[in-house]
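Here are the chains, one letter per residue:
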Amino acid sequence: METMHYHRPASVADAVKLAGQHGDDKILAGGQSTLPSVRLGLLAPTGWIDLAGITELQGLCMDGNNVVIGAMTMHAAVAASKDVQSRIPALAHLAGGIGDRQVRNRGTIGGSLANNDPAACYPAAVLGLGATIQTDRRKIAADDYFKGLYETALAAGEIITAVHFPVPAKAAYVKFKQPASRFALVGVFVAQTASGVRVAVTGAGPGVFRVKALEDRLGAKFAPESCDGVSVPAAGLNTDLHASADYRAHLITVLAKRAVAAAA
Amino acid sequence: MNDPKAGFIGKSVERKEDFRFLSGSGQYTDDITLPRQSYGYFVRSPHAHAKIRGIDTAAAAKADGVLGVFTGKDMAGVGGLPCGWQINNLDGTPMKEPKHSVLAEGKVCYVGDHVALVVAETAAQAKAAANLVDVDYEILPAVVDTATADQAKTAVHDIAPNNVCYVWGCGDKAATDAAFTKAAHVTKLHFANNRLIPNAIEPRAANAAYDRAGDSYTLYVSNQNPHVERLLMTAFVLGLPEHKVRVVAPDVGGGFGSKIYLYAEETALVWASKRIGRPIKWTAERSESFLSDAHGRDHVSTVELALDKNGKFLALRVHTTANMGAYLSTFASCIPTILYATLLAGQYTTPAIYCEVKAVFTNTAPVDAYRGAGRPEATYVVERIVETAARELKIDPAELRRRNFIKTFPYATPVGLTYDTGDYDATLTRAIELADVKGFAARKAESTKKGLLRGLGYSCYIEACGLAPSNIAGALGARAGLFEAGEVRVHPTGKVTVFTGSHSHGQGHETTFAQVVADRLGIPLDDVDIQHGDTGKVLFGMGTYGSRSIAVGGTAIMKAIDKVVAKGRKIAAHLLEASEADIEFANGEFRVAGTDRKKAFAEVSLAAYVPHNYPLDKLEPGLNENAFYDPTNFTYPAGSYVCEVEVDPETGVVRIDRFAACDDFGNVINPMIVEGQVHGGLAQGIGQALLEHGIYNEDGQLVTGSYMDYAMPRADDLPKFTVETAKGTPCTHNPLGVKGCGEAGAIGSPAAVINAITDALSHMGVTDVPMPATPHTVWKTIRAATRV
Chain X
56 METMHYHRPA
66 SVADAVKLAG
76 QHGDDKILAG
86 GQSTLPSVRL
96 GLLAPTGWID
106 LAGITELQGL
116 CMDGNNVVIG
126 AMTMHAAVAA
136 SKDVQSRIPA
146 LAHLAGGIGD
156 RQVRNRGTIG
166 GSLANNDPAA
176 CYPAAVLGLG
186 ATIQTDRRKI
196 AADDYFKGLY
206 ETALAAGEII
216 TAVHFPVPAK
226 AAYVKFKQPA
236 SRFALVGVFV
246 AQTASGVRVA
256 VTGAGPGVFR
266 VKALEDRLGA
276 KFAPESCDGV
286 SVPAAGLNTD
296 LHASADYRAH
306 LITVLAKRAV
316 AAAA
Chain E
556 MNDPKAGFIG
566 KSVERKEDFR
576 FLSGSGQYTD
586 DITLPRQSYG
596 YFVRSPHAHA
606 KIRGIDTAAA
616 AKADGVLGVF
626 TGKDMAGVGG
636 LPCGWQINNL
646 DGTPMKEPKH
656 SVLAEGKVCY
666 VGDHVALVVA
676 ETAAQAKAAA
686 NLVDVDYEIL
696 PAVVDTATAD
706 QAKTAVHDIA
716 PNNVCYVWGC
726 GDKAATDAAF
736 TKAAHVTKLH
746 FANNRLIPNA
756 IEPRAANAAY
766 DRAGDSYTLY
776 VSNQNPHVER
786 LLMTAFVLGL
796 PEHKVRVVAP
806 DVGGGFGSKI
816 YLYAEETALV
826 WASKRIGRPI
836 KWTAERSESF
846 LSDAHGRDHV
856 STVELALDKN
866 GKFLALRVHT
876 TANMGAYLST
886 FASCIPTILY
896 ATLLAGQYTT
906 PAIYCEVKAV
916 FTNTAPVDAY
926 RGAGRPEATY
936 VVERIVETAA
946 RELKIDPAEL
956 RRRNFIKTFP
966 YATPVGLTYD
976 TGDYDATLTR
986 AIELADVKGF
996 AARKAESTKK
1006 GLLRGLGYSC
1016 YIEACGLAPS
1026 NIAGALGARA
1036 GLFEAGEVRV
1046 HPTGKVTVFT
1056 GSHSHGQGHE
1066 TTFAQVVADR
1076 LGIPLDDVDI
1086 QHGDTGKVLF
1096 GMGTYGSRSI
1106 AVGGTAIMKA
1116 IDKVVAKGRK
1126 IAAHLLEASE
1136 ADIEFANGEF
1146 RVAGTDRKKA
1156 FAEVSLAAYV
1166 PHNYPLDKLE
1176 PGLNENAFYD
1186 PTNFTYPAGS
1196 YVCEVEVDPE
1206 TGVVRIDRFA
1216 ACDDFGNVIN
1226 PMIVEGQVHG
1236 GLAQGIGQAL
1246 LEHGIYNEDG
1256 QLVTGSYMDY
1266 AMPRADDLPK
1276 FTVETAKGTP
1286 CTHNPLGVKG
1296 CGEAGAIGSP
1306 AAVINAITDA
1316 LSHMGVTDVP
1326 MPATPHTVWK
1336 TIRAATRV
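In order, the protein sequence lines correspond to chains X and E.
With this note's numbering, you'll find the first sequence wraps up at 319, consecutive numbering, no jumps.
With this note's numbering, you'll find the second sequence wraps up at 1343, consecutive numbering, no jumps.
Just chain E, with the same shape it has in the complex (with noise of 0.2 angstroms):
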């Protein structure tokens, strides 16, 4: 696997960095002590929404081991943590943002809200002083329900009484209402998508130390994109000077979106370690996760398809209600806007499309990106009301997709976006042979048999990845760019270390982005290090979320290697004594073309660095490059799933009897890793249809606040999954013609899953079934549907 010759694009290589994380020897947050080590502890909110009369800190700061306590009023001077994207009203004017203050100031909004930092010598003595701060909270009454916060008589910030942070719309109203008097059937749902806890195996960690002699600070910090990090911390909360503050996500268990954001935890302790003049360790406990870590998805939503007598899709009108939670998280406001409302063409022509969106504020965690993010809800809404529309007009679902499907590219939907290519003919035909639909009848039928109800459900997703053109971003609210970065360093021996603004969490980017790099330069796997996690190492980064670093982490890393392989050249053909025309670069070798004269890549290397015969008049010595790349456009990977369940009638429980993928995630590096990403995704969106739910009582305590009560999905809650990568149509925008493949598993399975659980109960005039459907829940729906 690691001859160069055979090439490595499209290998099923093993991950390099398995050795490590399966010996033992990755190193994590919590795993890194510092001399001089100090902990904190945070006090949390128990109370939903309360005014802070007083915080009396006499007594902790007085305990065993304690060496300071701060509140709200010590950090009065920071700014709050920031919103990145800017939405704004159908009136145009901007949404509310109240102030995320760091520690609370006069208000918590959340169980779980941060009100002081206990810092002591052991990690046990903080959390035994944290208990004797003692905080006069005046209990205020909670704003929890999505659908109903608007209509709450509290308002969770006084900026906005009614709760609503924004209604934004995209799409055509006029057009689209207009195509409504005109149809023939029209199909409506109203249902919810579930509230999700992300579940990092590793819960977010922070170590913060200040450097005296240096005035600068070194984060380490369990986090998806250490760059922007440093800049939203430094810039926009703690007016620090971003050169002086080193941010390191060393290896990181897992993020699912919950670590792309800047917390209050990481930022207090940057802010407390010069007070301290002590690095300064927390490690979330696990109950910390579930209370603190921001939350996905959440909305409550009221979708119709129009259609005419043929089964065509004339228009489709979605109004959905969007938790944000307390208080804006870094992308919080993005989320079930531009990655949501822009999806709902999904794989199909509907010609008008309208959304309307209104993100509310309520008394629980912040809400933001978890994995799919905004799409997996626009999935969930195009996919069911599809499906449903098909069992209305009793037309076979897979046939009413094809007769809708997007055949011609690039296609321009209704809702912005541009899809650059796509066969959704292909991987719906690919995913029907691998999940033996015809054999599904046989199938129900020995079920029946049985006593059991089976059922089937395609859902044929759309996303829109490798984000994101930072000029469009920011026509649309982006206050950031959204770029990556990449730098090759080649050594004078031929090895090469890579510095990516990717963040691997589990992608196994160190192997497939090694593979990128010696595929390219015909040099032995083995040769390549890709480096990533470090503001000290790696000149930018824009970290990894939305299924973007190969797509773009990837494609800056090329383009550094253009420029390593054009200055090579250069060299080369000084050496060769040839035209710099002539060289050619293939298989390791720079050649003179036509001839056996050649010089080897560590040549090269060598020359650059010890320039002895090199023209120094008109090269610099050294063979080192950096790139930036800023995609053009998105890209739009896409597949097919099919999902066929049994019901158990006299439980209500659900097994999952088969799940076949199909996904068109254009040109495939590594398809093992591939394969995983896929098995991963499946796991979390089946978790969301059968299991997850994040519950709040009305009282705004967390009732699904530990694994007793919050059901993450195991091994055994999961069929085998039939998996394919289909062919595929390369992306047509990026050089190595890939689209990302992160996310897809999460956001097509949930309406593929309960499609098939309404296609079991159909029979009993079921047309929903809320997610989750734990055996409960379907209980209920059967007992309802079937009670006279």
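Next comes chain X alone, as it looks inside the complex (with noise of 0.2 angstroms):
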């Protein structure tokens, strides 16, 4: 085992501050992609920079109609929110089927978001709420925030303070997990919003995406059936040990109709 360093500050500011000194450092934001990768030797940080002290990002509160997540925040706490149950019952139970008990007592929303892995559940709720991510430096809309697989917008050093979830009229998460990680083979999102349908894709691809075919024909009626007929196109999707891209494909428009049902 390599010697690492190990900070942890009590600010924002502080945090920023070090990840502009030390900037091999890894942002330790729960651990729980980060940590097994370092085990599996896929990831060797010269140290690490730890928000669990920093309690101006833990939490949640409303601000006018946005649910606002704080980037520490556990997805335990998400889904025992009875603001988030109430509000978005959506997130609430998106948050709830997240790994296992254990990650879901480590693992936050920011660490989610930050590294973007093309199979999480997060980025399906903030892409398919039209959520905003708050960083120490800026807003950034859902739209413009990921960027394919494990990338995002975010600028080296960059630290997500919290995220502003939008109340929707209506919206529904349905997971379909891959068997043996139970991480989304493919999960669909789909929310009726202020500014109109949005149907968000996890699982399926190199990372999230909206699917627009769906969210005109649900524009148009919000309707289980509505979705009947549309087909999603293979290319570009996961081929995989689990599931081929026509599997896929299928699977989003199954999905996308059995949220439609729930989230009614």
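Please note that a few of the clues may not be correct.
Computed Cβ-Cβ distance ranges for the label pairs, DEER-style [said to hold, decoys possible]:
#1 D573(E) x K194(X): 54 to 60 angstroms
#2 A208(X) x D991(E): 56 to 62 angstroms
#3 K993(E) x T248(X): 49 to 55 angstroms
#4 D689(E) x T248(X): 21 to 27 angstroms
#5 R830(E) x G75(X): 47 to 53 angstroms
#6 A210(X) x S1261(E): 31 to 37 angstroms
Think about it this way: if two alpha-carbon atoms lie no more than 20 angstroms apart in a straight line, the pair counts; the simulated EDC-like pairs of lysine to aspartate or glutamate are [to be verified]:
#7 K232(X) x D1212(E)
#8 K1335(E) x D295(X)
#9 K1335(E) x D301(X)
No lab work stands behind these hints: they were computed from the structure.
Glycine included, C-beta positions come from ideal geometry on N, C-alpha and C.
Build the complex: two chains, separate frames, hints provided.
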């Protein structure tokens, strides 16, 4: 085991400063993807900047018509939040289905979004609800944030501080689990929002994406049968041990239909 | 639960070992740290098939904390890891047995093959230094696919140029072929039995220490049969004196077969411990377990069943190719032969059976016994083809089975076994009741309304357990005996320590065996302790596998108890001044028949150790007896399983709605433990049917090498099981009338699940779904069937 240094700043400002000083250090925001990567030898950071001691990054609040979730809020806290359960039940449900109990009590929303695993659940909610990502220096709209496989709009050393979710009229998330890892083989988040219907898909491609064909149909009529006959192209979708691209494409429509039924 | 008056056999006594396990006070191999402990780490091949041009260990040897680096060259004088069963080809020539070097010599044959051992002060230092071992590989093409290995251009081993280890046959080929020419109907299927990776919760581990004073060794190892481990290691590999090596298998967290074998790791540690002069510990990381534990199953079979116009089975013909992996593991050769083809009669009177098995080498991890070992594969063959034939003939699958059930016993099958007893109608009838098959049509209609497809599948399995009559096994190629040993040590106060050669790694022997002893001696359960897993304590043992522990190990203990009671009668006769013939033993008391003159068990044991008033001229003092028991036949647990599934045709998801099992295990010692064994077996069998699959890509890389890609069954993948043990037909040839229950669930369930799925899809013309029937696989099957 290599020796690493470990920082535990008490404020976002200190964390940003440390990140600037130690460019090869890894920011630790729960560590549910990062630490296994280190154990598998896929990642060898020089040190850690652990955000767990920054109280301003934790907790939930309402801000007008937005649910605001601090970046270091754990999945279990989001799932258990009465505010989230009553305003955006789909989000509470999604958070309660991430990983297992242990992961949900360590993993954080900010950590998940900064990592942007192509099969993670949170990106589907953020993109599906048209949320806004607040960082130490700016606000980033969901549509501008996700840049593909493990890539985001975050600059080096930029730290997510909170996520603003506008409360939708209706929303639901349906996750089809990869049988072994139980990550999303395909996960579809459907929401009827002030700015229209949004359909976000995780697990199927190199990163979360929206499906315009489904959004158009559902925008005209937000009902399960609107999904019928929508054929999502398989091109560009993932093929792996657990599913072919055409199976994933097929599942997107099936799951979208079920999500709409659940949202209604 | 401690009072002997009511007896202990047949009682769901809580497990004595559970306090230890549930309170975290178990002692597993990795928990044992010895004075001056050092740590080993294995350099493993990253390639499936490669020549080793050279190994440079200089940098590793100089790394921090390193005590030694060893390669195959250092161990060149050492023997290969042996295979314990010789299978002969159809022409009588023996199977091909390539040397299985402890550390690779000149060549590696699978990803994970052992190339070097690095020993250091800490585990982290050993691992870091292992990265500095520079191996110069010349990569060779890999042979991976089971079905085509014999046509590959590359040979895994020079001595087997077409990668064939053996071609073996069982049964009467001519009679079988002749029966097919007269058949009114022939059903044919071709399928694979998927490769499984065992995944015991405790990874393999070993800690080897050399004692200079005694020129002796102690090996702690996570293993199912320490005496066999010692015998194989000393006599066949390292050439050490057997009596100078003590092997301890302490608490072991599951084995399922994968810890029967002698592996390279512990062998290398024992050998190196003398060179280093310090104890060396190694504990597998989970990724090492995936790569290097012996895998299970991996067959490809073509199966044909011939029937007459009334649905009577005329003949069964099976051609199987079995993957041995890169080398022959300890019992690899007998799994797809002796433990497979001999079970192809199933529960039926099929008069002619022929099975031909081609075993092939590939550049994959060695394949050996895994829970059920050959019998799940046989049951899958028989029960899939029978169910398919019933559908083709439009006969109710349960009815077709009943028409062909064996009804008179003993019954000699055409594939070498003689079933002593059974009642297959009874278990099937009860399973049908438990499953509420009557209500199936109504449930199916409900499912249909929801757009879901419901199916029902049967599986009526039989297994040969209680391995095994040594003389029969020997005639079939076994290179070892298959008896068991036991010792009953009665202490002066009447407390009892029992030493058994059976090993418990989850089975609950410390409770079950104690129940047998306490019941027979009429003493409290707490007065009996069961000791196992240490060649320094237990006189001998063949270990635990093949559901043999209670049937063979338990019988050995029974025989030792008989000797204790016989001697106790002599002592009691003396104390009571009566004739030995008049002494009765019951309820923990030796009594002069028909009188109230008696001596308690503890009074007799005290007299044996304080022999003041004792027939010293005729009888030795002490009360300690041992016994060896070699069974006269296998035992034949059998049962019927009914699985009901709901398939979502849009996604391919299979949900097991209900699963009913009725097993005939003969007499049952502890129904709770037996039920737990069935649950565990069902979970593993359903795991095989729906989830688990060890997959190598064409380069021989294991692509399911972690829990991210290898799907283990979890609680929410499984239904609530309805499990019942039949009143049963006691085994006729052991005193407890027991048959064994450890593997039944894993043996019987895969066919029931796949039969249920194919039933749900049968209206589409689907006759087979490959295992594991993952959503993707089922969806593809549906799509292929419904595409016009």
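So, going through the hints one by one against the coordinates:
no.	hint	in the structure
1	D573(E) x K194(X): 54 to 60 angstroms	holds (56 angstroms)
2	A208(X) x D991(E): 56 to 62 angstroms	holds (57 angstroms)
3	K993(E) x T248(X): 49 to 55 angstroms	holds (51 angstroms)
4	D689(E) x T248(X): 21 to 27 angstroms	violated (58 angstroms)
5	R830(E) x G75(X): 47 to 53 angstroms	holds (52 angstroms)
6	A210(X) x S1261(E): 31 to 37 angstroms	holds (33 angstroms)
7	K232(X) x D1212(E)	holds (19 angstroms)
8	K1335(E) x D295(X)	holds (15 angstroms)
9	K1335(E) x D301(X)	holds (10 angstroms)
Violated hint for the displayed structure: number 4, the only one.
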